[in-house]
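Trainee: If you want the building blocks of each chain, they are given just below.
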Amino acid sequence: MSAVLQESPAQAGKKHEIDENSFTLAAGLGTGPVPIEPYASPAYFEKERERVFRRAWLYAGRMEQLPEANSFFVKDYEINKASLVISRGKDGRVRAFHNVCSHRGNLVVNQSCGVAERLTCRYHNWAYRTETGELMGVPDLKHFFDFDKKSCGLTPVACDVWEGFIFVNFQKKPEVSLLEFLGPFGKTYAGIPFFNLDETIVIQADFKANWKLIADAFAEPYHVPALHPATLAPGFAHPEENRYARPLSARAHGIHRHFSAYGNPQYVPSETSKVERLVYVQETGGVLGGDSAENARALTAHPAINPTKNPNWSADVTWIFPNFNIDYSTGGFWTHEFWPVEYNRTRWTLKIFIPKTMNLRHRLQLEHYACRWSEVVLEDVTNCERIQRGMESGAKTHMILQDAEMLIRHNLHVLDKWVNADTVAEALQ
Amino acid sequence: MSHRETSLPRGFESLEPFVDYWVRESNDERRAARSTAQMEDIREFYDVVVALAPDAITYLEKFPLDAMPDDATRLFKLLLAMNHAAIAVEMHGAPRAFDSPWPAPVRIAKGPWPYGGSIEGAEIGGGFR
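Going line by line, the protein sequences match chains F and E. At position 36 of the first sequence (counting the first as 1) the number is 231 in my numbering, and the numbers step up by one without a gap. At position 25 of the second sequence (counting the first as 1) the number is 1447 in my numbering, and the numbers step up by one without a gap.
Hints may be right or wrong, so weigh each one.
[Said to hold, decoys possible] Straight-line alpha carbon distances no greater than 20 Å define the calculated SDA-like cross-link-like pairs of lysine to any residue that follow:
| hint | chain 1 | residue 1 | chain 2 | residue 2 |
| --- | --- | --- | --- | --- |
| 1 | F | Lys403 | E | Pro1431 |
| 2 | F | Lys469 | E | Lys1484 |
| 3 | F | Lys469 | E | Met1513 |
| 4 | F | Lys403 | E | Ala1526 |
| 5 | E | Lys1484 | F | Thr552 |
| 6 | F | Lys469 | E | Glu1462 |
| 7 | E | Lys1499 | F | Met553 |
| 8 | E | Lys1499 | F | Asn554 |
| 9 | F | Lys469 | E | Met1461 |
| 10 | F | Lys469 | E | Ala1526 |
| 11 | E | Lys1484 | F | Val476 |
| 12 | F | Lys469 | E | Asp1477 |
| 13 | F | Lys469 | E | Asp1521 |
No lab work stands behind these hints: they were computed from the structure.
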């Protein structure tokens, strides 16, 4: 089997090598059709809520969101009907609490972030210590009955940090630690030099499709030439060398997974793309971002990044189970959060970390990136809504996946384990 | 000359007819302007602004990005909008991606500094509260 079509003898000697070993078989996965029930069934969604989102470690934010002692931010988890406060103590420790007052159950904090020593519920002015959640003050205390202040703090939620990424776990006592949950992924991807952490482009969407459909959209490049012919394909596929954007590598890392995307090394904006040519100023990068060669070198030197060290590399997509991506490219990195709302509704946040605006031309380029990204995601989101309709129609019971779609198959495999396992230890096996 | 004819720096008067529609405050508003415009209007703006862009960049590079005189700021915002017009002209050949609806479920909740705009809570991935 060759990924390259129309191979001519003249070109054959210098063709880009495409790895034709099966990613799917190497990951120990089956090859048959997979059921679409997990995307279209409200009953399955309820199992995901109870057995996945109430037991797995879930992404909360980055350490940069907590720059000093008493910094806090609020994170809502609609899937668990919860609002959490994440705070940083003077000891540097990050803690999470339910954002719920011990008095009569009101939400305490109603702003997205801030810095304060105490958090006050505006209903009756009960006040809590930001860093520990302890109850500090109760107006008119003497008229309460047998009051035990110590037991009336904010309800803590398990919280831990890996490589600057903050995670929470909704189990009262998590069955496994964050490091155990991350497993081999946590070790392989440790020590990556992140950069440009202070500036972001944020793109969000609220749409009518199962959360896994949008996760799947970023898990395989096979659709890029068809669905993104103008916005992405010129950078991520090549009409002769890699027509279907076959990944350079795709592997399972315990319950998590990655694929490395091909990058067209000859990509330059075409003659007719006058604006793109005008604003193209960065040393490295492709259609989705650019940065200094120094940053790119430090990133690509890490053994986890582009693990086959293929020179025609554009980006690595890493999918941390269940619903979080950290993606790396020579132009920087970005994260995806795919948050389920209902079985057929999703809220999604894409955060692209960018260099600080350096000058006018760079600012124009950043605008171009934001434009292009929002078009790419519009193509994906509207496509997901159509897939959801197709899946719910009952016309099909299964979908057929090819080798480049291995990450989707792996996710459904892991998801099924979690949904059916009585313990997390069992789900992790 | 009327006031409107002089709202841009000298030499860039031919962009004046585009000021009302294309000078917008945030990345998301510029995207919305392009997404809801007619293709011939986008093309007309694109042709004029692209021809003047190299001179406009040279002119604007004299100023700090966030402290330009009002007329220069307007010109800067037209250059930002040029990127959006380019999406329609250079990529799609249409105001929006093929088969995409409007209003769209996608928004740029936070754009690059300056004049990127920000929806409350976007930085922490909230913005839905």
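Trainee: Does each hint hold? Answer for all of them.
Mentor: Quick rundown of the hints versus the structure:
| no. | hint | result |
| --- | --- | --- |
| 1 | F:Lys403 <-> E:Pro1431 | 46 Å, violated |
| 2 | F:Lys469 <-> E:Lys1484 | 23 Å, violated |
| 3 | F:Lys469 <-> E:Met1513 | 11 Å, holds |
| 4 | F:Lys403 <-> E:Ala1526 | 12 Å, holds |
| 5 | E:Lys1484 <-> F:Thr552 | 16 Å, holds |
| 6 | F:Lys469 <-> E:Glu1462 | 18 Å, holds |
| 7 | E:Lys1499 <-> F:Met553 | 17 Å, holds |
| 8 | E:Lys1499 <-> F:Asn554 | 14 Å, holds |
| 9 | F:Lys469 <-> E:Met1461 | 17 Å, holds |
| 10 | F:Lys469 <-> E:Ala1526 | 27 Å, violated |
| 11 | E:Lys1484 <-> F:Val476 | 18 Å, holds |
| 12 | F:Lys469 <-> E:Asp1477 | 15 Å, holds |
| 13 | F:Lys469 <-> E:Asp1521 | 25 Å, violated |
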